[in-house]
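Undergrad: Chains as they are written, first to last, in the working numbering: chain A, 85 to 198; chain B, 1085 to 1201.
Calculated directly from the structure, the hints in this document are not laboratory data.
Each hint should be verified, as a subset may be incorrect.
Computed from the model, here is a short list of chain A residues facing chain B with C-beta under 8 Å [said to hold, decoys possible]: (1) Glu-89; (2) Thr-124; (3) Gly-127; (4) Ile-133.
DSS-like, lysine-lysine: derived pairs with alpha carbons at most 25 Å apart [said to hold, decoys possible]: (5) B:Lys-1155 to A:Lys-185; (6) A:Lys-185 to A:Lys-141; (7) B:Lys-1095 to A:Lys-185; (8) B:Lys-1162 to A:Lys-185; (9) A:Lys-185 to B:Lys-1128; (10) B:Lys-1128 to B:Lys-1162; (11) A:Lys-85 to B:Lys-1155.
If you're wondering where the values come from, they're calculated on a predicted model, not measured in any experiment.
For glycine and all other residues, C-beta sits at the position ideal for the given N, C-alpha and C.
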Amino acid sequence: KNQVEQSPQSLIILEGKNCTLQCNYTVSPFSNLRWYKQDTGRGPVSLTIMTFSENTKSNGRYTATLDADTKQSSLHITASQLSDSASYICVVSSGGGSAGKSTFGDGTTLTVKP
Amino acid sequence: EAGVAQSPRYKIIEKRQSVAFWCNPISGHATLYWYQQILGQGPKLLIQFQNNGVVDDSQLPKDRFSAERLKGVDSTLKIQPAKLEDSAVYLCASSSRGLSDSYNEQFFGPGTRLTVL
């Protein structure tokens, strides 16, 4: 059964600090991995996408890494801001085209305090 | 480009009542998804449409939930009768994924928050 596990479940940090969120998956066959940011009361928005051959991708202060051998990904947030307070969801997709399926993690809730 | 539209944004009903949610995807997007997101959890796929055909409805509780996407554009999700455990946010997403696109980026609407009393 395809699974995506995220840790920690929740995290509180001070504004300006860095943090790293973890995602472990057992999804086969692997197609791609996305990190989504979900603000309270909103739908998820894609931050990054990584395929099998990519091991690092950045989007501003967000940097995602992928280790396809150990089936782990991380999302690093640098110099956190209050607006980073949100849930971060790891989504791993298998297959492709109309046969592809996406498995969602339960997310990490990040709270950035002033 | 307009995003995915959903209505209503909030709904409060009593158990055993019925409710319907509406979704209008991004123009031109062939694939439409309905998700249920319980507080503190990730979205769970209920049903996926490709144009007006169902691709996956394996996790849709068909005794009480139904969905349709007539004409392959907008879609409605209905619950009848509702139970307490149906309290959740119902998210609609769309993607332009075709047979050759494996990147699966889904664009989500703001969701409908359902409370069943």
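Undergrad: A separate judgement is required for each hint: does it hold in the structure or not?
TA: Do the hints match the structure? See the list:
Taking 8 Å as the C-beta contact cut-off toward chain B, the hint placing Glu-89 (chain A) at the interface is violated, the least distance being around 11 Å. Because the closest C-beta pair between Thr-124 (chain A) and chain B is about 11 Å apart, greater than 8 Å, the hint is violated. With a cut of 8 Å, the hint placing Gly-127 (chain A) at the interface with chain B holds, because the nearest CB-to-CB distance is about 3 Å. The closest approach between the C-beta of Ile-133 (chain A) and any C-beta of chain B is roughly 6 Å, which is under the 8 Å cut-off, so the hint is satisfied.
Between Lys-1155 (chain B) and Lys-185 (chain A) the alpha-carbon distance is near 24 Å, which keeps this suggested pair within the 25 Å criterion. Among the hinted pairs, Lys-185 (chain A) with Lys-141 (chain A) is consistent with the structure: their alpha-carbon atoms are about 22 Å apart, no more than 25 Å. Proximity of Lys-1095 (chain B) to Lys-185 (chain A) is assessed by CA-CA distance (about 30 Å); at most 25 Å being required, the pair is judged violated. For the hint linking Lys-1162 (chain B) to Lys-185 (chain A), the alpha-carbon distance of about 23 Å falls within 25 Å, and the restraint holds.
Pair hint Lys-185 (chain A) plus Lys-1128 (chain B) holds up; C-alpha atoms about 12 Å apart against a cutoff of 25 Å. Distance restraint check for Lys-1128 (chain B) and Lys-1162 (chain B): the Cα-Cα separation of roughly 16 Å lies within the 25 Å cut-off, and the hinted pair is therefore satisfied. As the CA atoms of Lys-85 (chain A) and Lys-1155 (chain B) are separated by approximately 34 Å, the hinted pair breaks the 25 Å bound.
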